[in-house]
Every structure is written in structure tokens, then in C-alpha cells.
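Participant: The residues making up each chain are set out below.
Protein chains: 2
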Amino acid sequence: MSQELILNRRDLDFMMYEWLDAEALTSHPRFSDHSRETFDAVMDLSAQIANDLFANHNRKNDLNEPTFDGEKVQVIPEVKTAIDAFNEAGLVAAAQDYEYGGMQLPALVEKACMAWFKAANVGSSAYPFLTMANANLLLAHGSKAQIETWVKPMFEGRFFGTMCLSEPQAGSSLADIRTRAEPQGDGTYRLHGNKMWISAGDHELSENIVHLVLAKVPGSPPGVKGISLFIVPRWLVNEDGTRGERNDVALAGLNHKMGYRGTTNTLLNFGEGKFQPGGQGGAVGYCVGEVNKGLACMFHMMNEARVGVGMGAVVLGYTGYLHAVEYAKERFQGRRLTDKDPQSPPVRLIDHTDVKRMLLAQKSYVEGGLALVLYCARLLDEKRGAGVCDEDDADVLMDLLTPIVKSWPSQWCLAANDLAIQVHGGYGYTRDYQVEQFYRDNRLNPIHEGTHGIQGLDLLGRRVRQHGGAGMQALQRRLQMTTAKAAQRSDTAEFAASLDAIWFRLQDVTQLLLRNPNAEESLSDATLYLEAFGHVVVAWIWLDQYLACPENSDDAFYLGKRQACQYFFRRELSQVDAWLDLLGDGDRTCLDMSEGWF
Amino acid sequence: MSQELILNRRDLDFMMYEWLDAEALTSHPRFSDHSRETFDAVMDLSAQIANDLFANHNRKNDLNEPTFDGEKVQVIPEVKTAIDAFNEAGLVAAAQDYEYGGMQLPALVEKACMAWFKAANVGSSAYPFLTMANANLLLAHGSKAQIETWVKPMFEGRFFGTMCLSEPQAGSSLADIRTRAEPQGDGTYRLHGNKMWISAGDHELSENIVHLVLAKVPGSPPGVKGISLFIVPRWLVNEDGTRGERNDVALAGLNHKMGYRGTTNTLLNFGEGKFQPGGQGGAVGYCVGEVNKGLACMFHMMNEARVGVGMGAVVLGYTGYLHAVEYAKERFQGRRLTDKDPQSPPVRLIDHTDVKRMLLAQKSYVEGGLALVLYCARLLDEKRGAGVCDEDDADVLMDLLTPIVKSWPSQWCLAANDLAIQVHGGYGYTRDYQVEQFYRDNRLNPIHEGTHGIQGLDLLGRRVRQHGGAGMQALQRRLQMTTAKAAQRSDTAEFAASLDAIWFRLQDVTQLLLRNPNAEESLSDATLYLEAFGHVVVAWIWLDQYLACPENSDDAFYLGKRQACQYFFRRELSQVDAWLDLLGDGDRTCLDMSEGWF
Chain A
1 MSQELILNRR
11 DLDFMMYEWL
21 DAEALTSHPR
31 FSDHSRETFD
41 AVMDLSAQIA
51 NDLFANHNRK
61 NDLNEPTFDG
71 EKVQVIPEVK
81 TAIDAFNEAG
91 LVAAAQDYEY
101 GGMQLPALVE
111 KACMAWFKAA
121 NVGSSAYPFL
131 TMANANLLLA
141 HGSKAQIETW
151 VKPMFEGRFF
161 GTMCLSEPQA
171 GSSLADIRTR
181 AEPQGDGTYR
191 LHGNKMWISA
201 GDHELSENIV
211 HLVLAKVPGS
221 PPGVKGISLF
231 IVPRWLVNED
241 GTRGERNDVA
251 LAGLNHKMGY
261 RGTTNTLLNF
271 GEGKFQPGGQ
281 GGAVGYCVGE
291 VNKGLACMFH
301 MMNEARVGVG
311 MGAVVLGYTG
321 YLHAVEYAKE
331 RFQGRRLTDK
341 DPQSPPVRLI
351 DHTDVKRMLL
361 AQKSYVEGGL
371 ALVLYCARLL
381 DEKRGAGVCD
391 EDDADVLMDL
401 LTPIVKSWPS
411 QWCLAANDLA
421 IQVHGGYGYT
431 RDYQVEQFYR
441 DNRLNPIHEG
451 THGIQGLDLL
461 GRRVRQHGGA
471 GMQALQRRLQ
481 MTTAKAAQRS
491 DTAEFAASLD
501 AIWFRLQDVT
511 QLLLRNPNAE
521 ESLSDATLYL
531 EAFGHVVVAW
541 IWLDQYLACP
551 ENSDDAFYLG
561 KRQACQYFFR
571 RELSQVDAWL
581 DLLGDGDRTC
591 LDMSEGWF
Chain B
1 MSQELILNRR
11 DLDFMMYEWL
21 DAEALTSHPR
31 FSDHSRETFD
41 AVMDLSAQIA
51 NDLFANHNRK
61 NDLNEPTFDG
71 EKVQVIPEVK
81 TAIDAFNEAG
91 LVAAAQDYEY
101 GGMQLPALVE
111 KACMAWFKAA
121 NVGSSAYPFL
131 TMANANLLLA
141 HGSKAQIETW
151 VKPMFEGRFF
161 GTMCLSEPQA
171 GSSLADIRTR
181 AEPQGDGTYR
191 LHGNKMWISA
201 GDHELSENIV
211 HLVLAKVPGS
221 PPGVKGISLF
231 IVPRWLVNED
241 GTRGERNDVA
251 LAGLNHKMGY
261 RGTTNTLLNF
271 GEGKFQPGGQ
281 GGAVGYCVGE
291 VNKGLACMFH
301 MMNEARVGVG
311 MGAVVLGYTG
321 YLHAVEYAKE
331 RFQGRRLTDK
341 DPQSPPVRLI
351 DHTDVKRMLL
361 AQKSYVEGGL
371 ALVLYCARLL
381 DEKRGAGVCD
391 EDDADVLMDL
401 LTPIVKSWPS
411 QWCLAANDLA
421 IQVHGGYGYT
431 RDYQVEQFYR
441 DNRLNPIHEG
451 THGIQGLDLL
461 GRRVRQHGGA
471 GMQALQRRLQ
481 MTTAKAAQRS
491 DTAEFAASLD
501 AIWFRLQDVT
511 QLLLRNPNAE
521 ESLSDATLYL
531 EAFGHVVVAW
541 IWLDQYLACP
551 ENSDDAFYLG
561 KRQACQYFFR
571 RELSQVDAWL
581 DLLGDGDRTC
591 LDMSEGWF
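Chains as they are written, first to last, in the numbering used here: chain A, 1 to 598; chain B, 1 to 598.
Please keep in mind that the hints were generated in silico from the structure rather than gathered at the bench.
One or more of the hints may lead you astray.
[Claimed, not checked] BS3-like, lysine-lysine: derived pairs with alpha carbons at most 27 angstroms apart:
{"no.": "1", "chain 1": "A", "residue 1": "80", "chain 2": "A", "residue 2": "60"}
{"no.": "2", "chain 1": "B", "residue 1": "144", "chain 2": "B", "residue 2": "329"}
{"no.": "3", "chain 1": "A", "residue 1": "293", "chain 2": "A", "residue 2": "225"}
{"no.": "4", "chain 1": "A", "residue 1": "225", "chain 2": "B", "residue 2": "72"}
{"no.": "5", "chain 1": "B", "residue 1": "144", "chain 2": "A", "residue 2": "340"}
{"no.": "6", "chain 1": "B", "residue 1": "293", "chain 2": "B", "residue 2": "152"}
{"no.": "7", "chain 1": "A", "residue 1": "60", "chain 2": "A", "residue 2": "152"}
{"no.": "8", "chain 1": "B", "residue 1": "293", "chain 2": "A", "residue 2": "60"}
{"no.": "9", "chain 1": "B", "residue 1": "340", "chain 2": "B", "residue 2": "329"}
{"no.": "10", "chain 1": "A", "residue 1": "340", "chain 2": "A", "residue 2": "329"}
{"no.": "11", "chain 1": "B", "residue 1": "225", "chain 2": "B", "residue 2": "144"}
{"no.": "12", "chain 1": "A", "residue 1": "340", "chain 2": "B", "residue 2": "383"}
{"no.": "13", "chain 1": "B", "residue 1": "60", "chain 2": "A", "residue 2": "293"}
{"no.": "14", "chain 1": "B", "residue 1": "60", "chain 2": "B", "residue 2": "72"}
{"no.": "15", "chain 1": "B", "residue 1": "72", "chain 2": "B", "residue 2": "144"}
[Said to hold, decoys possible] Anything over 12 angstroms on all C-beta distances counts as not near chain B; from chain A, calculated:
{"no.": "16", "residue": "100"}
{"no.": "17", "residue": "237"}
{"no.": "18", "residue": "265"}
{"no.": "19", "residue": "345"}
{"no.": "20", "residue": "428"}
{"no.": "21", "residue": "431"}
{"no.": "22", "residue": "481"}
{"no.": "23", "residue": "527"}
Ideal Cβ placement from N, Cα and C applies to all residues, glycine included.
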């Protein structure tokens, strides 16, 4: 794979500099040492390492998934080489404070850099990304001593991190977790329980693994109000920072997945007695923040992970799209429909309108998705007060958009991967081409970190009313700033009108649903609501990108952006009316279905 | 897997007996020895063998794809055991004349029986199904001697068959094939060329393999008008029927696929000189039918194969749906949205409305798809004059519906498999559950036997005007018979009205598109046209099924049928208006896209 097939640097530059004005961020004190030059340098470095050391073993990861030999989990050696290079380049702390050895990059630039690694090799890059999210949680909620002991070695690349939420009997339903944490009277706890779906849960890639584990302290309230958060390291750490005893965290099994095979995914037993730290049963754990407030802390990591899932889904779709475009330009097949002469030379796939349709659909999904994710990264910078926009609303808008940025790319950039296979025809169905792996890898994204359906319940059941509806107001304000501009131009007036119209319909439907006191009814079509909402948001993001293109330019790049925007409005947004009809009518078909009728 | 997870016998019985009146077929002389009892007996036998000998190694097939050791292609032994049992039961000739050892089963019953095998193991069942389609072609177009030499051993289970169309440089574009067939002056030909994507192209499962090969005789017209069809056996056959010399057909490689791994898929070299039959280069071939009329003969097999693809797509979706329903009834997760007590016991997945939505969508796709395929099987019987309906139009209607019956299940029953994974959550993404394999297996169906896009061009560019538009008239006649009945009933009047309305819109759009003399424009959205057409056809098929349910019955089976019909009308057909808007407006977004803009 060449860099050009991983991501489109021209497009990233457009989004960062021409659209989201990354350079303006350097006027904020936190970023004042930075300039377009430093941003570009980190981007160059990221693209280079991603290409040379991550993309090189993406298929090998897929063909050689981690194995357990009874003692240790074995992964192919290229994984460690890649992550070591990532860590040595200081990328693990790219957005962190200088005091932690970080670069203090804006989130916008950092996310754009990280995109290269996920696109090049989603399996290997999961290790550092989980570590970074874990460190961010501890920076926000851990004690100084915890940060010293656990976070610093993560930024040095010596410790890796995980998040341990699900259990075999409780996937999405955290209220039902059973892992218990017994206080030992010395400030530590001993944990007992089983955790499922733990990515990067066991391996020999790092000196230690820092598990962040949800568990219940005996006597705590039932449900999510009784959940606490613990650091449970694979190895205990001595006072001097050296590695101590093995903690009682034991691998119970590896999951064998459809894709995403480069990341170990494990079932872990805590405190089953395989190891006896301090001569005693139970896995030693250290509480993060207050007892019974663990879920709120964990949501810090989960919200970040959800944005990460969105980014992963986007870039898998994006790299698949680039592969499909290249194939369509190289592969000769058939003739134009107006050409009836069988002796004329065949044309390329890209000369067929139906192939252009499939490529344009992909372009509209993956560039729309990337723009959405980077816009949200920009909101994180705005939350720090580094905005050019009305920064007061960045926080509430980010809260509102989190389920969208997670779910929309997981749905539509996966659809892009499906179309990339289709463009390749029979070849795309073979493992000689990468597009089938991209599809399989991406298929995880609508499932983990809260399924697609759960994102819908989160959006309609919680986020739209959060902060007294301020998120919706922020979205409306920004969306209408875009449509007001677009309405002034003859080439965009059509889009402004449809977006304004659908936005008001969406609002009406939202009010209608929120007025229904019966949660079972009002949330019965939350998934469809999520999907309609997502399409409206991405249409706005597309229109805003369009407006960032120089007016009347006939540069091919800008013409492509405009055409993809037109595609999204005419061929995607146009379907949302029918979805809103169903939501508005309160269709009860699914609600009324009885189990015995299946 | 138990029989209940392969297919739903109750539903098959409903479709065959309560809806399509299979028993009425026994009044036709060809089927006069038959009765519901004989039909049921073959169905029982099929379900039994499929369950005991095909389903048992479906996952093993996936995990152990065929290998080539340099000499022979090795497949796991269970494949041969399964196919031998299929052949010994006489199923390979189930629909054939008594004179060939057949059972003279109606197509409707035969297809329903065969559905069990594809659902149980699509990989292993491809061998007999390709053989059956190959035999049918030769019965229709081969000489008496060819039938004697090649077809009879196929019905005896000794010879297997393939179809060899594509070449590495010409997948969908048969006009560009390069394999040449040199006449030898003795009525035989010698073939030279490479064929790609040949399923069942090499193995040791049978005494011989009968390849049906498209090739060009030197001096023939260019393009598809110069294509001839040849029998090219793997082994020549002596005059007495015993196996003779090895013919010059050599395995050049195996394709390694995303799914469908149980079927060998090969690249074959014809006449490369590895073998020298009669001491001479070239693969010996025998022309089927007239020289240069090969494509028309091949379409006999292709049309049958396309219906077969539709059936395969349906039953993979169907078995996935049954697995998802079972899982949703067994797995406890979360609470009702109205239940705020975390100490109340968790409910099952099926108690969540969003899960019911995913299951109901699957039900509407797979039962709609199965009904469509069986309706078409019934048309094949009507073509023989065994109809209860207006049989004159069965032929033209079948021609019209062929691209629909191929493409619609390939799209929507694949979508059902995707939803089956989603219902399973993280477990569905692992190889411990079968649903991920069903998805990967089914992903082939929108690609092979004419891609999805090619089906659209076939429908709009050819089939709708074929026979002077008689197919469209036949469809309208039958559709309006259904809506006329449905309009009389209060519970179905809503569906009748929407179906009539959308049918007339579809007709208007069709006329509009056909009036455009520029093929590049009129066919630019042929895929969207195909999808709109498919949804209209399946809505009609659903409504017709609804009407076959006893009025006012509160039997759970009929209530489920009605609810799934309602789902399809309210939540699927309702989207078609937006698609027809695009077609009617002649949206040029994709047509105008330039290559440089991607």
C-alpha cells in the first residue's frame, strides 16, 4: 500500500486549513508554539510511520490472529515494531501537556494524524489508542500518585491500557455487572469476576497492562449507581516504580472474530486464584475517583472511545474508497452503453456511470464522515476556548453529537466498504485484495462501544434534552449560519432550502416524541431517529465544506467536493422525509409485534 | 444445527399449499403420479439429509477451504459423503423425466426441497446444483449422443458439471473472451484459453467433470455473436462410456474467498499443453448446438443459475434469521425502557422493540424473498401448462422477473444477515456463532452470475421491452388481481391503495426512461430502477401472501405473516417514492461526475 491509498492528504489539508482553520488555533496560548509547519511535520511523520510500519502487516495481522500457547499470547513481531516506533516518535502523548512530555497539539491536528494509523492498520493501532484513552481518563479522574505510577509509563510507551466493562452475562447492560471489589482496609481492593470483550487484554507487547475495571463494592446501591472504577494492573508496581508481583488477572480465552483480528480480544478472569499477590486471593485494585461514581468516570473514556470508533469507521471506509477508485481507473471492462461496436477497445470501470455512482456514494460517506469527526475534534479545541466560532456552545454540541459521530460512520462508512467490494467485482471477494478485510474489520464498529441501537436510545432518550436542550439550540445556530450563507448563492440555494426544511421537520418530530410520556412508545423508533438525525447533521457538514471551497474555482478537487455534496443532498438527504413520516406517524408495527409471531 | 434452524417448514408448507396450491399441479399429466404425500416425502427426505449430512460440516468447510497440493485439490471428506447421499436419494434428477431416472417433481416442489441444502451448507451444495444446471442446459440444447454420454452419468451422480464463462481479463464482458476453439475436421474442437472464477472446477469428488465452456471459433464475428459453446470434459470418455485419456484442462490456481469457502473456485487453463490427449495439444471440446449460437444456449443455464443465486441468497438470509430469533429468545440483556428498577430481573433481547424491529425486517426480507423465488418456480410449472392462473403469460413474466429474483434477495437477504449479526451483538461478530459466516457466504451473491449493476441494465435495457412489453403487462395483470382483492377488505385496503399508486408511478417512470433515445442517460440509474422495481414486486408478493392467510384467524403464524406484510408496506415500500423521484427527475449527479474529481 502506498500513502496515497491510506488517506488523501489533500483532503485532510483542505479540512484542516481551508475549512476548519487549524492555523487560527495557534493564537491560543496552549498552542502558541505551533504553526502550520509543526502541524505538517507531525502529519508527515504520522503518514510515514503508518505507511512503513503499520500498513506493511495489515493483511498479515488478519491472516495470523493472536494465539495462546497456554502460557503467553503470541502476536506477530511486526506489531511491536510498529507500536515502538509510534511511541518513540512521541505520538502517544501528542496532545498532552508539555509537563507529561507531550506536544500540546490541538485535538484537530492530533486526530488527523492518528487517522493515518487506523487507516493503515486498525488492528495494531488499537493498542496505543486504548492506552491513550486510558491515560486521558486517569489524567481527568486519577490522583496525582496514580498519574505518576500509571500514566507516565504509558506516555513512555512502557505500559499499555485497556477498558474492562462488559461481562459474559452483561454486554450492553452495565447495571448487571457482577464483578465485586472488596475493600482491604488499606485503601486497596481485591477484585473477583469475569470480563468479556477486552481488547488488548493480554499480550507481551508491553512491560505492564493497566486495566480500568468496573466493579461493585459490597453494600453499594443496585444498578449503575453502585458501580466503581478500579485500576487493576497485570503486574503490581513496587514503590520505586519497578515491576513487582504478578497480579491475579488471568486470561480465560481469546475471542475469534470476523475481522479486527490484529487486536487480541480476551475474556479475563479477575481473582480466580491463578496468581496470589501478597500470598492472598483476589486481583489487587485501586479505586479511581469516588466509590460508586465509577460509571461517570468511565464515560470520560467511553465518550472518547466513541469518537475513536467513529474515526476508525471513517478511515476504514476512506482507505477502501481510495482502493476502489484506483481499481476502477486501472481495470478495463465492457464498453459504453452507446457503443455497439464489439471491436472497439474496452473502457475502464470508471467510465461506467453505475461505477461512478458507487464511487460517489463512497466519497460522500467517507469525506462526510471524516469531516464530521474532524469537526468534533475542533469542538474539543473550542471547549478549551480556542475557538473562532461561538465557543460557549462547543461543550453541549459535542455531547449532542457523540452518538452521531459514533454511529453514522459505523453505518455509512461500512456501506462504503461494501461498495468498494462491489466495484472490485469477483476480485473484491477474494483475499488477494484488501477491500474484503476492510469490510470485516469495519463490521465491528456498529457493535462495540455501545451498539447502534444503544446510540439511538442515548440520543433520543438523553442527549437531545441534556443541558436543557442547549445542544439542539447550538446545532440549530450553527446549521443556520451555514444555510444562511448558502441561501445567498445560486449554486447552493437548493441545498440551503432542503436543509432548512428538513431541520424544521426533525425538530417537530423531536418535540412530538419528547411529549410522549410513555418511554416504550417514544423510544420505539430511536434507531430510525438516530439515522435521520445523522443524515441531517452530515448534510449540514457537507454544505459547510462546500462553502469552504473557493467560489467558481474549476480545480478538480473543489469540483469533486461540490459534486459529492450534491450527491449527498439529492440522493441521501432526499430519503429522510420518508423516515420522518414514519417517526411522525408513530408507526407501531414493531412495537406491536409479538414474540410468538416470529 | 437442528432442522428448525435451517428453514421453517411451516412457512414452506404455507407457501406451497396454502398460497401457491402445489396440489393443483397434480392434475397435470406430467405430475399425475404425485400427491401431497409424495411431495411431503421428498421434502422430509431433503430436510433430513440436509440436516444430517450438509449442516454438520458447514463451519468445517469454512475453516478448511480446499487446498491444492500440486497434484490434486483436497476437500474435507464430509463433502463427498453429503453429495453421495444426495445423489443416492435421486435428488439430482428430482425434476427430470422418468426416462432419465427422474421423479418428475414440479419445479415448485423441487426448488422448495433444494432450499434445504443451500440453507444447510451453501458450499457443499454448489457441486450438485451446478451439475443440475449443466444437465438442464444439455437436455435443452445438446444432441442425443451428448445427453447419453454426459447427462446420464450426471444423473447417476458419477459426473459433475461446471460453467466456464469469465476470463481473467473479461469478467462481466463476455464479448471480450479470448478462448479459441479450433475445428479439427472430425467434428471435434481443440480449445486454448484461460477461464476464471470456475466454481467446482477441479476436485476429486467425481469420476469426471463436464465443463461447459464459451469460446470463439476462428473467423467468427466479433463480440457476442461469435461465441460458441463447448463440452470440455476433464477426462475424455471412450466409446463404451469408460473413462479415457486426461483432457488438457489444468488447474492454474485456487481463489481464496471472503466466504463460500466450501466450493472450490478455480482458474483453469485449457490447452496449455500439460496434458496431450491423442498425443496432441489443446483441450478436446464438443460443440453444443450451432457454432456462434453459444451465448443463447448458455443463457439457458445462466437464467437458471440466476434463479439459483436468488434462492441461495434467500435461504442464507432465512437461516440467519432463524438463528437470530432463537438467540433473541434465549439471551437476557437489559430491562424494558419503562422499568427503572435495576433490581428487577433482566428481560430477553426479544423484549426490546429495536430487536423486534431488526427481526421483523429480516422476516420481511427472507419470507418475501422465499415467496418470490417459489412464485417464480411456480411460473416454471405454469410454462409447462400446469397453471391454475392465466398460464399464457408465465413465460414472459418469468423473463421479466429473472433480474429481480436474482438481485432482490442478493441485496436484502444479505441485509438480513447483517441484521442477524447485529442482534447477536459481540457474539455475532465471533466465529463461535454462525451468523458471520452466513454474511460472508451471502456477500458473493450480488457479484456472481451478473453483478447487481448488470441486473439493472438487463432489466431496464432489455427485459421491460422484451416480448413487446408483454412481461410488464403480465405483471400488471397479476398485481392488479391481487390489489383488486385486497381493496375489498378493510385490513388490506391501505396496502392495495399504496401498491396501485406506486405501480402506476413505476410505469410512468419506465415510459419516461424508455422514451429517452440516449442509452447512457436512460440507463444511468438502472440500478436504482432495479431496486425500486424489486421493492414493488416484493410488496405485491407480500400482499398476495397476506390474502392467502385465512381471514380473521388469530393463529400466531398468520398474525406474523400479516405483521411482516405491514412492515414491508409501511417501512420499506414507503421509501420507493423518493427513488422514483430521482429517476423521474433524471438526476445527472453520477452521470456528470468526472474521473479527475474523485
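Participant: Taken at face value, is the distance from the CA of residue 144/B to the CA of residue 72/B at most 27 angstroms?
Facilitator: Violated: residue 72/B and residue 144/B sit about 33 angstroms apart, past 27 angstroms.
Participant: For residue 293/B and residue 60/A, compute the direct alpha-carbon distance and say whether it is at most 27 angstroms.
Facilitator: Outside the cut-off at roughly 47 angstroms; violated.
Participant: When you check the alpha-carbon spacing of residue 60/B and residue 72/B, does it fall within 27 angstroms?
Facilitator: Holds. Residue 60/B to residue 72/B sits at ~20 angstroms (cutoff 27 angstroms).
Participant: Given the hint that residue 144/B pairs with residue 340/A, does the C-alpha gap stay at or below 27 angstroms?
Facilitator: Not satisfied, since the Cα-Cα distance of roughly 37 angstroms exceeds 27 angstroms.
Participant: Please confirm whether residue 100/A is truly not at the interface, meaning its C-beta sits more than 12 angstroms away from all C-beta atoms of chain B.
Facilitator: holds, 33 angstroms
Participant: Would the least Cβ to Cβ distance between residue 345/A and chain B come out above 12 angstroms?
Facilitator: At roughly 10 angstroms from the nearest Cβ of chain B, residue 345/A sits no farther out than 12 angstroms, so the non-interface label is violated.
Participant: Does residue 265/A clear chain B by more than 12 angstroms, comparing its Cβ with all Cβ atoms of that chain?
Facilitator: violated, 9 angstroms
Participant: For the pair supplied as a hint, residue 293/B and residue 152/B, is the alpha-carbon distance within the 27 angstroms limit?
Facilitator: Holds - the C-alpha atoms of residue 152/B and residue 293/B are around 24 angstroms apart, at most 27 angstroms.
Participant: Confirm or reject the statement that residue 431/A sits farther than 12 angstroms, beta carbon to beta carbon, from all of chain B.
Facilitator: Residue 431/A is in fact no farther than 12 angstroms from some Cβ atom of chain B, at 5 angstroms.
Participant: Compare the distance between the alpha carbons of residue 340/A and residue 383/B with 27 angstroms, and conclude whether the hinted pair is satisfied.
Facilitator: violated, 33 angstroms
Participant: For the pair supplied as a hint, residue 144/B and residue 329/B, confirm whether the alpha-carbon distance does not exceed 27 angstroms.
Facilitator: violated, 56 angstroms
Participant: Does residue 144/B sit within 27 angstroms of residue 225/B, going by the straight-line distance between their CA atoms?
Facilitator: holds, 25 angstroms
Of the hints listed earlier, those the structure fails to meet are numbers 2, 4, 5, 7, 8, 12, 13, 15, 18, 19, 20, 21 and 23, in rising order.
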